[in-house]
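Chains as they are written, first to last, in our numbering: chain A, 416 to 636; chain B, 416 to 636.
If you are wondering where the hints come from, they were derived from the structure by calculation, not from laboratory data.
Mixed in with the good hints, there may be bad ones.
Heads up, the list lumps identical chains together, so a pair's fine if it works in one copy or across two of them.
For lysine-lysine, the following DSS-like pairs were computed, each having C-alpha atoms within a straight-line distance of at most 27 Å [stated by the list, open to error]:
#, residue 1, residue 2
1, K494, K445
2, K445, K464
3, K586, K464
2 protein chains.
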Amino acid sequence: MVRILEIKESVFEDNNRQAGLLRERLKKEKTFLLNLMSSPGSGKTTTLKETIPYLKEELKIGVMEADIDSAIDAETIAKTGITAIQLHTGGMCHLDADMTRQGLEALETKNLDLVILENVGNLVCPAEFDTGAVKNAMILSVPEGDDKPLKYPLMFSIADVLLINKIDVLKYFDFDLEAVKERVLNLNPHIKIMPISAKTGEGIEEWAQWLRSETKKWIEE
Amino acid sequence: MVRILEIKESVFEDNNRQAGLLRERLKKEKTFLLNLMSSPGSGKTTTLKETIPYLKEELKIGVMEADIDSAIDAETIAKTGITAIQLHTGGMCHLDADMTRQGLEALETKNLDLVILENVGNLVCPAEFDTGAVKNAMILSVPEGDDKPLKYPLMFSIADVLLINKIDVLKYFDFDLEAVKERVLNLNPHIKIMPISAKTGEGIEEWAQWLRSETKKWIEE
Chain A
416 MVRILEIKES
426 VFEDNNRQAG
436 LLRERLKKEK
446 TFLLNLMSSP
456 GSGKTTTLKE
466 TIPYLKEELK
476 IGVMEADIDS
486 AIDAETIAKT
496 GITAIQLHTG
506 GMCHLDADMT
516 RQGLEALETK
526 NLDLVILENV
536 GNLVCPAEFD
546 TGAVKNAMIL
556 SVPEGDDKPL
566 KYPLMFSIAD
576 VLLINKIDVL
586 KYFDFDLEAV
596 KERVLNLNPH
606 IKIMPISAKT
616 GEGIEEWAQW
626 LRSETKKWIE
636 E
Chain B
416 MVRILEIKES
426 VFEDNNRQAG
436 LLRERLKKEK
446 TFLLNLMSSP
456 GSGKTTTLKE
466 TIPYLKEELK
476 IGVMEADIDS
486 AIDAETIAKT
496 GITAIQLHTG
506 GMCHLDADMT
516 RQGLEALETK
526 NLDLVILENV
536 GNLVCPAEFD
546 TGAVKNAMIL
556 SVPEGDDKPL
566 KYPLMFSIAD
576 VLLINKIDVL
586 KYFDFDLEAV
596 KERVLNLNPH
606 IKIMPISAKT
616 GEGIEEWAQW
626 LRSETKKWIE
636 E
């Protein structure tokens with residue numbers, strides 16, 4: 416059984432300030448925090464499950480799974496042998512910096528190199544709140560359609576990396592990969608775009624490498 | 416070009432009361448309002464595009480497409496020959512009853528039998544606000560996974576109909592249709608569950624029939 420933490424809605428009005436303080440603390444504690452966002456069902460948990468084996472020998476990893484209900488994602492991640500905790504957001508569709516801090520304290524990050532926050536499945540609210548993470552990643556999966564950057568521009572604008580997941584089913588969907596890349600780069604010229612399939616493993620090693628290198632930069636510099 | 420309406424955040428504290436008033440008004444004006452909810456990319460617009468031809472000879476139909484940005488969904492719907500309007504929610508991830516009223520007034524519903532509100536793509540917030548609709552429908556698509564009723568129970572609990580879309584790709588995904596039905600019926604024993612494929616047209620006629628019959632019940636009784 417994984418631990419389930421009911422996090423409380425934050426009382427701080429200035430979330431950006433709280434997020435900045437949290438990043439300072441993470442820097443001191445030498446912990447890299449990744450905020451992973453996407454729609455429900457785009458494959459966040461499956462991607463993490465496939466990514467962890469590439470990193471867990473070298474880095475001490477913890478995962479915080481945020482959901483409205485259930486603990487199934489944290490249970491899935493715990494099976495990879497790393498520390499996982501389930502956060503329940505009390506119905507909230509996002510986490511802010513103070514909610515993230517509550518999760519980190521329960522996870523005891525002082526001993527961890529890399530913590531991944533799997534945010535609530537949602538393309539709107541999570542993009543509006545700085546969680547205090549060092550980097551933001553997002554997943555768009557092929558079945559969701561190539562129009563998503565047009566409809567939900569904010570998340571694509573604030574992400575450092577976009578994983579385009581489920582490319583193993585590209586041929587069964589009308590999804591124009593080149594059009595997506597163009598639309599996303601239009602919004603965010605500095606974003607790194609990586610097509611992956613969490614199911615077949617395609618692209619996961621490259622993504623894990625990016626995560627390893629960003630973590631090392633943060634904890635060693 | 417379709418009309419784009421920037422709707423304003425509601426000032427009413429008591430959304431349930433506003434929703435009740437809106438339903439009373441719709442009853443008087445003999446207009447049926449359906450609230451259609453789902454994750455981003457589960458196929459709301461495509462499903463509507465395929466449903467409208469079954470109904471448009473018999474019913475006067477209008478569609479309100481709610482999104483954070485772009486007008487592509489309203490443009491897609493307008494091509495079916497019915498009235499469509501794009502609502503921009505000013506970054507909000509849901510519509511409440513007063514925001515819905517603003518859209519309805521712009522659409523001039525007095526002459527319409529059936530209005531469909533395509534809510535913002537999101538499994539969390541839209542379920543928390545009564546829009547004033549007569550019925551709530553939601554779509555879950557096969558690629559999103561069969562665990563969604565466990566993680567987002569509220570929307571499944573308040574929906575009158577669940578369309579399980581993209582069943583044409585069932586064999587490429589680990590999606591247990593029977594498990595989903597059981598999980599959903601556990602939450603909501605009165606929900607009607609219809610597997611469909613907006614791409615191949617499977618199941619759309621039955622769904623259109625349900626919508627026709629509910630509309631007639633509302634406007635004729």
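Outcome of the hint check:
no.	hint	result
1	K494 to K445	within (25 Å within a copy, 55 Å between copies)
2	K445 to K464	within (23 Å within a copy, 52 Å between copies)
3	K586 to K464	both (25 Å within a copy, 22 Å between copies)
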